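Here the protein sequences line up with chains A and B, keeping their order.
Quick note on this note's numbering: the first sequence kicks off at 59 and runs consecutively.
Quick note on this note's numbering: the second sequence kicks off at 11 and runs consecutively.
Incorrect hints may appear among the rest.
[Said to hold, decoys possible] Derived contacts from chain A toward chain B, CB cut-off under 8 Å, selection only:
(1) A79
(2) Y82
(3) L83
(4) T89
(5) V124
(6) A126
(7) K130
(8) A131
(9) E136
[What the hints assert, rightly or not] A few chain B residues facing chain A, derived, Cβ under 10 Å:
(10) T34
(11) L41
(12) R86
[Unchecked claim] Computed beta-carbon distance windows for the label pairs:
(13) A:D139 - B:T17: 29 to 35 Å
(14) A:S167 - B:T17: 45 to 51 Å
(15) A:T76 - B:P61: 20 to 26 Å
FYI, nobody ran anything at the bench for these hints, they're computed from the structure.
None of the values given here were measured: they were computed from a predicted structure.
Cβ atoms here follow ideal geometry from the backbone N, Cα and C, with glycine treated the same way.
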Amino acid sequence: MKTMAIVIRDDAYDKILTPLAFAYLTASEGTQVDLLFVNWAVKALTAEGAAKLRMDGLHAAEEPMVRAGVAKAGLPTEIYDVIKALKATGCVNFYACSLAGAIFGVNESNLIPEATGIVGAAWFLNEKAVKADHCQYF
Amino acid sequence: MNDIKTTATLDTSGKCCPMPMVETNKAIKGLALGDILEIIATDVGTRTDIPSWCERTGQTLLSMTEENQVLHYYVRKER
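Bound-form chain A, shown alone:
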């Protein structure tokens, strides 16, 4: 697999871990991974938003246990640190969906430097998702 595209919608701490872990796995093998953050997940591409990510719903009370497990697994426990680790592979691009950015308050002034930029969904879907060897939606 040479290229993979991932669309991330859910911003709950535990739910965002899986696509990031998959991206880390494939990028470590040299696969080019392009991630589009849509809906609430776009806030993960701001330092403040990434720091505020929490587990929600039925499992919210179990967040300390999950964070301890993440640390034991060897991953950084903060999502922003995971993003930095992915960026360091040199094979990962993070894109913010322009619609999501407009709705949820993410713009070029608060976008983290690890993000490649704010893009239209049509561009990502046609230029990245359709052309990728594999595409995932979370």
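Mind docking chain B on chain A? Use the hints.
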């Protein structure tokens, strides 16, 4: 497999997916062709991940053993 002469050892004990594979990829990049990497792991997911990674990336899995829930892999770098 005591007769295998390892070049480097990567101990991923205690770590879980994706880190054993991330670290294995990093470790193999630092080796020369023909070098042998010993990987120690406790993540049972590596039982499938490492053999398939070897096949996919063209490395040779010389040996895979498990004792007391600790897995040892010996991988020869081929490319």
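Hint check:
no. : hint                       : verdict
1   : A79                        : 5 Å, holds
2   : Y82                        : 5 Å, holds
3   : L83                        : 4 Å, holds
4   : T89                        : 10 Å, violated
5   : V124                       : 13 Å, violated
6   : A126                       : 12 Å, violated
7   : K130                       : 6 Å, holds
8   : A131                       : 4 Å, holds
9   : E136                       : 16 Å, violated
10  : T34                        : 8 Å, holds
11  : L41                        : 15 Å, violated
12  : R86                        : 18 Å, violated
13  : A:D139 - B:T17: 29 to 35 Å : 31 Å, holds
14  : A:S167 - B:T17: 45 to 51 Å : 49 Å, holds
15  : A:T76 - B:P61: 20 to 26 Å  : 23 Å, holds
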